[in-house]
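*Asks:* Sequence:
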Amino acid sequence: MGAQAEIHKAAPPSRWRRWRNWLLAAPLLFAAASVLQVLVLRFVDPPFTTTMALRYVEAWGEGDWGFRLRYQWRDLDEIAPSVPISLIAAEDQRFPFHSGFDLQAIEKARDHNARGGRLRGASTISQQVSKNLFLWQGRSWIRKGLEAWYTVLIELLWSKERIIEVYANIAEFGDGVYGVQAAARQFWGKDAARLAPGEAARLAAVLPAPRRYDARNPGPYVQRRAAWIQRQTRQLGGPGYLSP
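The sequence shown begins at 1 in our numbering and counts up by one.
Read the hints as simulated data drawn from the structure, not as lab findings.
Every value quoted in this text rests on a predicted model; they were computed, and no experiment measured them.
For every residue, glycine included, the Cβ atom is placed at its ideal position computed from N, Cα and C.
One or more of the hints may lead you astray.
As the list claims (entries may be wrong) - Heads up, simulated EDC-like pairs for lysine to aspartate or glutamate below, C-alpha to C-alpha not over 16 Å straight-line: (1) LYS160 <-> GLU91; (2) LYS160 <-> ASP77; (3) LYS190 <-> GLU91; (4) LYS160 <-> GLU62.
Claimed, not checked - Ranges between beta-carbon positions, derived for each pair: (5) PRO220 <-> PRO27: 21 to 31 Å; (6) ASN217 <-> TRP136: 36 to 46 Å; (7) GLY61 <-> PRO96: 36 to 46 Å; (8) ARG15 <-> ASP175: 41 to 51 Å; (9) SER14 <-> GLN72: 39 to 49 Å; (10) GLN72 <-> LEU39: 21 to 31 Å; (11) LEU36 <-> GLY198: 40 to 50 Å; (12) PRO27 <-> TRP136: 32 to 42 Å; (13) VAL152 <-> ALA26: 55 to 65 Å; (14) VAL152 <-> PRO220: 18 to 28 Å; (15) ARG231 <-> LEU28: 45 to 55 Å; (16) TRP19 <-> ARG216: 31 to 41 Å; (17) GLN223 <-> VAL40: 18 to 28 Å; (18) ASP175 <-> ALA26: 34 to 44 Å.
All chains should be modelled from the sequences, with the hints used to inform the complete structure.
*Replies:* Right under this line is the structure:
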């Protein structure tokens with residue numbers, strides 16, 4: 001009887017028990033992997049993003065086998081100072097002060113949307129970095145939850161300068177044109193360091209619909225929005241706003 005009891009105790013766990021153990025461990029494994037992922041990208045410039053990979057899949061699904069995206073990294077000190085402040089003025093004016101989520105903007109967007117009309121979002125630059133770098137487009141609760149998780153990690157592990165540096169390099173400014181350096185070369189034949197304030201404002205003005213609007217040949221909407229962005233950058237105090 002004693003031997004049989006020992007054999008019974010040493011028997012391997014059932015398949016259900018193994019699945020249960022994996023399911024319990026999966027969230028912890030994901031959390032650890034995502035923390036490591038974000039920590040590495042604090043120091044290592046991303047060679048590509050999930051958004052870029054999905055853009056290739058989209059092009060190939062349409063039969064465009066020759067599609068090639070344009071992406072060139074530039075450090076923040078190699079980008080014209082007018083670019084980061086233009087992005088902040090256009091997308092997230094409380095960027096230096098919030099911790100990834102702008103509660104004031106969320107409340108204003110909620111009130112605006114409750115009145116009807118065109119929906120207004122309240123995503124911060126940190127949230128957009130999370131989505132563009134790690135996730136996919138869409139409005140599912142799963143994606144929004146993952147976006148919130150990555151946003152918390154980015155704000156905890158990166159400086160604000162690193163966040164805006166990554167955003168300036170991975171944002172899409174035209175169909176398949178990712179990052180301010182690729183946009184500067186594609187649209188004006190110059191490096192990102194030589195962009196004029198008006199050109200930086202036009203790049204910021206096409207967000208978040210860069211396939212609809214054109215920074216090189218702007219229509220009335222982009223011209224009006226670019227002029228508004230330049231006024232906002234002056235009111236914010238210029239490039240020094242990022243380090244108040």
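*Asks:* Are the hints correct? Go through all of them and say.
*Replies:* Hints, one by one, checked against the model:
{"no.": "1", "hint": "LYS160 <-> GLU91", "in the structure": "15 Å, holds"}
{"no.": "2", "hint": "LYS160 <-> ASP77", "in the structure": "14 Å, holds"}
{"no.": "3", "hint": "LYS190 <-> GLU91", "in the structure": "24 Å, violated"}
{"no.": "4", "hint": "LYS160 <-> GLU62", "in the structure": "38 Å, violated"}
{"no.": "5", "hint": "PRO220 <-> PRO27: 21 to 31 Å", "in the structure": "49 Å, violated"}
{"no.": "6", "hint": "ASN217 <-> TRP136: 36 to 46 Å", "in the structure": "30 Å, violated"}
{"no.": "7", "hint": "GLY61 <-> PRO96: 36 to 46 Å", "in the structure": "40 Å, holds"}
{"no.": "8", "hint": "ARG15 <-> ASP175: 41 to 51 Å", "in the structure": "48 Å, holds"}
{"no.": "9", "hint": "SER14 <-> GLN72: 39 to 49 Å", "in the structure": "54 Å, violated"}
{"no.": "10", "hint": "GLN72 <-> LEU39: 21 to 31 Å", "in the structure": "24 Å, holds"}
{"no.": "11", "hint": "LEU36 <-> GLY198: 40 to 50 Å", "in the structure": "41 Å, holds"}
{"no.": "12", "hint": "PRO27 <-> TRP136: 32 to 42 Å", "in the structure": "20 Å, violated"}
{"no.": "13", "hint": "VAL152 <-> ALA26: 55 to 65 Å", "in the structure": "19 Å, violated"}
{"no.": "14", "hint": "VAL152 <-> PRO220: 18 to 28 Å", "in the structure": "39 Å, violated"}
{"no.": "15", "hint": "ARG231 <-> LEU28: 45 to 55 Å", "in the structure": "49 Å, holds"}
{"no.": "16", "hint": "TRP19 <-> ARG216: 31 to 41 Å", "in the structure": "54 Å, violated"}
{"no.": "17", "hint": "GLN223 <-> VAL40: 18 to 28 Å", "in the structure": "41 Å, violated"}
{"no.": "18", "hint": "ASP175 <-> ALA26: 34 to 44 Å", "in the structure": "37 Å, holds"}
The structure fails hints 3, 4, 5, 6, 9, 12, 13, 14, 16, 17 (numbered hints given earlier, in ascending order).
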